[in-house]
Amino acid sequence: MAEEIKTLSSQLAQDPDSLVFLRLGELLRMKGQLDAAQRVAVTGLDRHPHLPDAHDLFARILADKHDYERAFDEWDMALRIAPDHVGALKGLAFLYFKVGDLAQAAAHLEAAQRVAPADASIAQALAMARGGESPPSPTAPEGEGEPVALPASDAPTERAPPPPPPGAAQPLEEARVFAGLEGAQEGLLLLDAAGRVLGGALKDPGGRDVTDAVAAYLAGVSQEAARTAKLLALGRWTGVAAEGNGGHVHLTAPTGDALLLVVRDRAVPMGRLAIIAQRAAVAARRWLEKHA
Amino acid sequence: MTTAPANYTRALDLVTRVRGVRGAMLVSADDGIIVAEQLMEGIKGPAVAALAASLATRLRRAMEAAGVGASLFWHLQAEQGALLVVPTAGGTLVVAVAEPDVNVGLVRLELLRAGEVVG
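As they're listed, the protein sequences go chains A and B. Oh and the first sequence: position 83 is 83 in the numbering used here, straight run, nothing missing. Oh and the second sequence: position 12 is 12 in the numbering used here, straight run, nothing missing.
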C-alpha cells in the first residue's frame with residue numbers, strides 16, 4: 001500500500017487535475033492517515049466540486065474522524081449531485097441509524113438496494129436496521145465476525161474507526177441542526193421578530209455564550225430585509241449570507257416573523273452554509289408549528 | 001445621477017459592467033446617505049441606501065458579537081434578485097442591485113475591487 005500511495009502521490013503531483021486523488025485519499029484513510037487523507041480529499045474537491053465520489057470520500061474521512069455533522073453534509077451533497085450514489089445512501093443510512101431515525105435509515109438502505117440489488121451487504125444492513133440492531137460504521141472493515149453492512153465504498157477497507165461510545169447518537173443529534181433545533185448549542189439560533197431567542201444557542205470561538213448579544217443586534221433584521229427586497233421589487237427575501245474575517249453567517253426566515261441564524265467558521269464554504277441553513281429552516285418550521 | 005469624483009465613477013463602473021447588475025451605489029455606512037450612484041431608473045436609491053446601511057450596521061455588530069469578525073461581504077438574496085454589499089475600511093458601503101441569475105462570485109470580486117478604489 002505504501003508503494004501505491006507513493007506512486008499515486010507522484011501522479012497527482014504531475015497532474016493535479018487527475019482523479020487519482022480518489023484512490024490516494026481512500027488509501028490514506030485506510031492507513032489511518034486521516035489528516036493527510038483529508039488534505040487530499042479537500043484539494044480534490046476544490047478541483048472537482050461536482051464529483052459525487054469526491055464528496056463520498058470526504059464524508060468517509062469525516063466519519064472516521066467522528067465529525068458526523070460534516071460527514072452528513074458531504075454525503076447529502078453527493079446525493080444532490082447523484083441521487084443514486086450508493087456510497088452516500090449507505091453513509092446517510094448509517095448516520096440516521098446513529099441518531100435513532102430507523103425509518104430514514106431503512107429508507108436510504110432501500111434506495112441503495114434499488115440501485116445495487118446484488119449487493120448482499122445492503123440487504124443485511126437493512127435487516128439489521130429494521131430489527132433495531134446497530135449496523136457498523138460505513139467505513140468499518142468487513143472483518144471476521146463483523147456483520148457485513150453499510151460498506152461505504154467498493155474499495156475494501158483495512159482500518160476500523162474506533163467504535164462509537166455508548167450513547168454516541170446524542171452528540172450527532174445535537175450537532176445536526178436539522179435534527180432538532182434545541183440541540184444545536186453552538187452555531188444555530190432561532191429568534192422571533194423582536195430578537196427573543198426561541199431555540200438554539202451561539203458560542204464565540206472562545207467558547208463564550210454570545211446568544212443574547214447576537215440576538216439583540218439581529219432584532220428587526222427580518223423586517224428590514226423584507227422592506228429592502230420590497231423596495232427593490234425583488235419579491236420575497238430568502239436569505240442573507242455574510243462573510244466575516246473569522247467565519248460565515250447565514251440568515252433566513254423560516255416563517256414570516258422568525259429569523260434563523262447559522263454561524264460556522266470560514267472552513268465551511270458559503271454554499272454549504274446555505275444548505276445547512278435550508279435544513280435548519282425546515283426543522284425550525286416544524287419546531288415552530290409544534291410550539292405554536 | 002449623482003455627480004461624483006472620478007475614482008467613485010471608476011469604482012461604480014467596475015460593478016455595473018457585470019452582466020446582471022442593475023445598478024450600484026456608494027453609501028455612507030454611518031448615515032445611509034448616497035455618496036455616488038449609477039442606478040437604473042425606477043430604483044428608489046435613497047430608501048434602499050438607508051436600509052442597506054441599517055442592515056449593514058446590524059450585521060456588523062451581530063458578527064462581531066458572534067466572534068466571526070467584521071463583515072467583508074454580504075448578500076441579501078431574494079426571489080427576483082439580490083442586493084450585494086461590501087463595506088470598506090473608510091466607512092463606505094459599495095452596493096450592487098442585481099438580477100437573480102447574476103454571477104454572485106464575479107459581483108463580489110468587483111465590489112471588493114471597487115472597495116479598494118474607494119478606500
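Hints should not be assumed to be uniformly reliable.
[Stated by the list, open to error] Calculated pairs, EDC-like style, for lysine to aspartate or glutamate (alpha carbon to alpha carbon, straight line, at most 16 Å):
1) A:203 to B:64
2) A:230 to B:64
3) A:290 to B:99
4) A:203 to A:265
5) A:31 to A:53
6) A:31 to A:4
7) A:65 to A:35
8) A:203 to A:186
To be clear, the hints were calculated from the coordinates, so they are not data collected in a lab.
Results for each hint:
no.: 1; hint: A:203 to B:64; in the structure: 12 Å, holds
no.: 2; hint: A:230 to B:64; in the structure: 28 Å, violated
no.: 3; hint: A:290 to B:99; in the structure: 37 Å, violated
no.: 4; hint: A:203 to A:265; in the structure: 12 Å, holds
no.: 5; hint: A:31 to A:53; in the structure: 19 Å, violated
no.: 6; hint: A:31 to A:4; in the structure: 12 Å, holds
no.: 7; hint: A:65 to A:35; in the structure: 9 Å, holds
no.: 8; hint: A:203 to A:186; in the structure: 5 Å, holds
Hints 2, 3 and 5 from the list above are not met by this structure, while the remaining hints are.
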